[in-house]
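Construct the complete structure from the given sequences, taking the supplied hints into account.
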Amino acid sequence: MSVDKDTVRRIARLARLAVPEEKLEPLAGELTGLFNWVEMLNEVHIEGVPAMTSVVAQKLKWREDKVTEGGAAEALMTNAPEHEATFFVVPKVVE
Amino acid sequence: MSAAAFTLAEARDALKARKISSRELTEALVKAVEQARPLNAYVTETPEKAFEMAAASDARLAKGEGGALEGLPLAIKDLFCTKGVRTTAGSKILGNFVPPYESTVTQNLWNAGAVMLGKTNMDEFAMGSSNETSAHGPAFNPWRARNSNANLVPGGSSGGSAAAVAADLCLAATGTDTGGSIRQPAAVTGIVGLKPTYGRCSRWGIVAFASSLDQAGPMTKTVRDAAIMLKSMASVDTKDSTSMDVPVPDYEKLLEGGIKGLRVGIPKEYRMDGAPPEIAALWDKGAEWLKAQGAEIVEVSLPHTKYALPTYYIVAPAEASSNLARYDGVRYGHRAKGAHDITELYEKSRAEGFGAEVQRRILIGTYVLSAGYYDAYYARAQKLRTLIARDFTEAYGKCDVLLTPATPGPAFAVGDKSDDPVAMYLNDVFTVTVNLAGLPGIAVPAGLTANGLPLGLQLIGKAFDEATVLRAGLAIEEAAAFRHKPANWWRAA
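Protein sequences, first through last, are from chains L and G. My numbering puts the first sequence at residues 1 to 95. My numbering puts the second sequence at residues 1001 to 1493.
Since the hints were made in silico from the structure, they are not lab data. Every value quoted in this text rests on a predicted model; they were computed, and no experiment measured them. Careful, some of the hints might be misleading.
Said to hold, decoys possible - Listed below are the simulated DSSO-like cross-link pairs for lysine-lysine, each with C-alpha atoms no more than 27 angstroms apart in a straight line:
#1 G:K1253 x L:K23
#2 G:K1083 x G:K1239
#3 G:K1485 x L:K59
#4 L:K23 x G:K1462
#5 G:K1253 x G:K1063
#6 G:K1083 x L:K66
#7 G:K1239 x L:K61
#8 L:K23 x G:K1083
#9 G:K1462 x G:K1239
#10 L:K92 x G:K1092
#11 L:K61 x G:K1092
#12 G:K1063 x L:K59
To be verified - Now the in silico label distances, taken between C-beta atoms and shown as ranges:
#13 L:E47 x G:A1487: 55 to 65 angstroms
#14 L:E47 x G:S1148: 45 to 55 angstroms
#15 L:F87 x G:G1338: 53 to 63 angstroms
#16 L:E95 x G:T1393: 51 to 61 angstroms
#17 G:R1390 x L:E95: 51 to 61 angstroms
#18 L:R9 x G:R1390: 35 to 45 angstroms
#19 L:V93 x G:N1111: 35 to 45 angstroms
#20 G:E1344 x L:E22: 18 to 28 angstroms
Said to hold, decoys possible - Output of the computed footprint for chain L on chain G, the stretches with three or more beta carbons under 8 angstroms from beta carbons of chain L:
#21 1093-1104
#22 1298-1309
#23 1330-1339
Backbone N, C-alpha and C fix where the C-beta goes; we use that ideal spot for every residue, glycine too.
So, in structure tokens, the structure goes:
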């Protein structure tokens, strides 16, 4: 399995990571190395094996549908890189 | 002996007997932390908070009150959110994030009376086995090879916590373990590290890496200390739906009783080609120690062992790429300057904020989850995980606990493996299976290499049977009689 430069560019876009052009090729090499190593998983017969969905035997718990915490907008703003009142400021999204 | 060298149990007993105050204990440790800055074990020191908490503990102790960890100073891995104290997860992307809330595990520790000394260094987002991916620079192992001044790694990702415990810069520390991040650094720094069963400790307020694998646990000087600390860390929590509602026993009490009749499994697949002979010899010695104390040694098979690491390097990056999507430069943390639109803001903030290893894993995770590749990678890996977990279930038909090496070798030099990701990943070859199966495992110091570096043995138990893991760990600890300490080369002149 070989990962090429265009694939790295495509997945970097999906992952919202700005990868400079000159790093695409080295990353493609590293990912190819990794996926070649992972290829050994293809030796294993997995027909009829269920995918793991929970690592310990348990049913997901239910709780009452009610608000337990919230209304902390001001506390949340203390870490915002840029905000106005209780709104996060971002570049214009809608033209 | 300085009070900093106390074990958790010794300090607790000295406090109860009023032979020392929490203030004195805290002073000794704060001083040790200051003198050990060359180790880079702590990324944030909180001496004022420590003295405040120690004063409150002394007041409670004076009235004959106090919790199980009253007045005992601890170090906290910088992955746990601590209210009002900067939490970075070893990453630039969190910037100077100051959580307005406290993680459940640390809250449990403070409720038990513990004192916080500060936050410890770690691989960025817990992705690494050497602490070298930290945005704060590497932490160093207090141990050095005989006749050498080369700096060694303390393992990772909980490398700062391991270094802090090994160098007596705290009584004990918290760690987290996704593929070996408690047990591997514990083994290469000569301390005890326990990864509890998945669901034993709440994950709420711990910066998420791979949610189906992450688990918090204690890193301590002795097995007894791990038992004491786990009791206070564990709880069922409405804020983490995967935390289990099962009783938390008194682990310290359950240490008593010995291991007569305990069936100890030796998984034959862990005997790997090319492993250093010292590792195999120590493993054999461990089995002899347990046998001499009345345990029955049985050979077992875990046939899918060799597939565990590649399975992990699909599952963990997939979950990480999803968990780390939240770092977008909008609500907290690092934000790139000069972005013209929202996509550019995301892409630049993330590129500037995440280090190389984290970016690599985000790309792997995005790839294996992307359209057309999901079945070939992620779905297949989740099936492999079922097979790996089944191996353990079958082995536990023949035995109660498994004994294995903890790491494939001792601590290596800083920079030695940082160019080859797969070589770095192999450090977790003996620990990662345990995370994939959700089981409890402990690393216990068991000996030194010919050039004087610590090596550990690992015990793996059945789900929620930490008590047996600890009891067998104690048997190894007593037989190994590991009393070595690193030479203090780091103290500022």
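Go through the numbered hints given earlier and state which of them the structure violates, listing their numbers in rising order.
Those not satisfied are hints 1, 3, 4, 8, 11, 12 and 15.
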